[in-house]
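Add chain V to chain E, keeping to what the hints say.
Protein chains: 2
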Amino acid sequence: MIIRVGIFGYGNLGKGVECALRQNADMELVGIFTRRDPKTVQSMTGAPVYPASEAEAFRDRIDVMIVCGGSATDLPVLTGKLASVFSVVDSFDTHDDIPEHFAAVDASAKEAGHVALISGGWDPGIFSIMRLYGEVFLPDGQTDTFWGPGVSQGHSDAVRRIPGVLDARQYTLPVDASVRQVREGRMPELTPRLKHRRLCYVVAEEGADLEKIRTQIVTMPHYFEGYDTQVVFISQEEMNREHSRLPHGGFVFRTGRTGLRFTQRETMEFGLHLDSNPEFTGSVLCALARGVYRLVQRGESGCRTVFDLPPAYLSPLSDAELRAKLL
Amino acid sequence: MIIRVGIFGYGNLGKGVECALRQNADMELVGIFTRRDPKTVQSMTGAPVYPASEAEAFRDRIDVMIVCGGSATDLPVLTGKLASVFSVVDSFDTHDDIPEHFAAVDASAKEAGHVALISGGWDPGIFSIMRLYGEVFLPDGQTDTFWGPGVSQGHSDAVRRIPGVLDARQYTLPVDASVRQVREGRMPELTPRLKHRRLCYVVAEEGADLEKIRTQIVTMPHYFEGYDTQVVFISQEEMNREHSRLPHGGFVFRTGRTGLRFTQRETMEFGLHLDSNPEFTGSVLCALARGVYRLVQRGESGCRTVFDLPPAYLSPLSDAELRAKLL
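Quick note, the sequences are listed as chains E and V, same order. Numbers 0 to 326, taken from numbering that gives the first Met the number 0, label the letters of the first sequence in order. Numbers 0 to 326, taken from numbering that gives the first Met the number 0, label the letters of the second sequence in order.
It should be emphasised that the hints constitute simulated quantities derived from the structure, not laboratory data. Glycine included, C-beta positions come from ideal geometry on N, C-alpha and C. Where hints are given, some of them may not hold.
Claimed, not checked - Think about it this way: if two alpha-carbon atoms lie no more than 30 Å apart in a straight line, the pair counts; the simulated DSSO-like pairs of lysine-lysine are: (1) K324(E) to K194(V); (2) K109(E) to K38(V); (3) K80(V) to K324(E); (4) K211(E) to K194(E); (5) K80(V) to K194(E); (6) K38(E) to K80(E).
Stated by the list, open to error - The following label-pair restraints were derived from C-beta to C-beta distances: (7) Q296(V) to G298(E): 17 to 23 Å; (8) K324(E) to E210(V): 58 to 64 Å; (9) P98(E) to D156(V): 48 to 54 Å; (10) F232(E) to Q229(V): 54 to 60 Å; (11) G298(V) to K324(E): 25 to 31 Å.
Isolated chain E, as found in the complex:
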């Protein structure tokens, strides 16, 4: 049984999904849908590229559409709309807005009889599952999530919007000493500043007031205020040469107490080290698309998250094979 997949949106994430689909023998890429002029878009693997406006015509030829757009403006509109035509997967990652996004997508998917999985990827996604497992396996404890070292697109974009900035790349770095304390099971109380620091590489316009740019960065509310931020001005050449990749990663820790007098300490640690954030995220979305397909086969409809998918649904192997091979 081949699962027929479409990719809606063809940026870094869409390309990651395209690459990952070749590593899943039970999946087939039907087409890539772009809002740009398809004539200007060449897919990496030779898969056909269609205009977004024609997607609906593929209603019966695509089992799961993977929606690859930004969480700020794309996905809040796109996922719900596409869920009325297809079963879908997205990677909506604005944590605070998940309940609202869920409600909208759920209504659309239910009405059309489709399954929509939102907020897939690694955070939200795999890290969310790890936080849940941490809480249920060690109910009396503390959870700590660290991100990085890695490039934050949101923070990079925020720096790029400052007048006088031509290009910027922001690395989020976990504070090693704090990671160590958590790993040792010491359950420290950590402020945002004690958990992460920020490192910005910035290309400034010639003649720009560098000190003013620096101040605007390090005092920016929500993004940099409250963190130790280092700003390094570099040339566009160095930016292109040294900072074109998109590594990322992080850790989820759960430390808990067990025993009659709660004196024993148990620590669960999950870590990711990614050369390519979009390629890994794309690979995760493919496995989740398989899970969505299983739910569809079971006759389900509506919005779901990674919390709702039995691990077995993500694998192409049968239950008996999984038990024999991986249990």
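Only chain V this time, still in chain E's reference frame:
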């Protein structure tokens, strides 16, 4: 809604479950069932202790029975038998015999209309889930599981069976250099000897031939042959003082390649560091009992494993709470 739980078998694991149940407000311990004379058994928390032979009378008073026995002789008989009376959870951990155990328990549970979850705990259990997630999120890659540092009961028992040995404790230790290679994403090929080494503390009878005991240990097929094993003879006093705890842990790594030319490397790492193996395992079994209860409520029956449980089923929180708080 309170989930009414029973504990069948009251060794280290049963005590771990007893302690953990107090950390789950939606669960209640109805009773402990022992094959010893209940008059000789005092529970840690004051929970009532009943003879195993009376368990069946609790058919309507227990939602999930957690079966705490050994995998060698207890569980192959007990779990299937109890599944005809209760929905059950066990921690059957003889990997090779899982298909056979599954089939027997499945038949019993289906006939009675109960749900039975077998092979819960951390390996098999959480580590199994991590191996599955590793394979599905990085289909082109390598999985490595390391155990320890920790006490292996099976290996300790094997040493104790050698003539002249009064007591023994075997620690399984991951080979640090190999763990480092795997963590760096180098995908080394590792023989059993390169993955783990073994350290035995042994109390010998007075006048025993220590060199003969040492040789019998390090050449023992299946258990020690093929590993670097260190044997240290100590007094019973030192054994009692230094080696009475049951720490354990380990790592599951998945390293995979992504991208158009498979040149990017992504690593997933899950680690456990446990002061008390039975207390943590007991805590895991409690969360799995909640999952079993959910399956029962959905009208399911038959044998299941951790692969079949959506993460959300393990939590006392509602789906909306999980999405708002942990996603």
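Each hint tested on the structure:
Distance hint between K324(E) and K194(V) is fulfilled; the C-alpha atoms sit about 20 Å from each other, no more than 30 Å. For the hint pairing K109(E) with K38(V), the CA-to-CA distance comes to about 58 Å; that exceeds 30 Å, so the pair is violated. For the suggested pair K80(V) and K324(E), the alpha carbons sit about 26 Å apart, so the restraint of at most 30 Å is met. Taking the CA atoms of K211(E) and K194(E), the gap is about 26 Å. The hint holds against a cut of 30 Å.
Of the pairs offered as hints, the one joining K80(V) and K194(E) is violated, with about 51 Å between alpha carbons and a cut-off of 30 Å exceeded. With a CA separation close to 25 Å, the supplied pair K38(E) and K80(E) stays within the 30 Å bound. Against the hinted window of 17 to 23 Å, the Cβ-Cβ separation of Q296(V) and G298(E) comes to about 19 Å, which satisfies the hint. Separated by about 42 Å at the C-beta atoms, K324(E) and E210(V) break the suggested range of 58 to 64 Å.
Separation of P98(E) from D156(V) is about 52 Å and conforms to the stated range, judged on CB atoms against 48 to 54 Å. A beta carbon spacing of about 56 Å between F232(E) and Q229(V) agrees with the range 54 to 60 Å that was offered as a hint. The hinted range of 25 to 31 Å is satisfied by G298(V) and K324(E), whose Cβ atoms lie roughly 29 Å apart.
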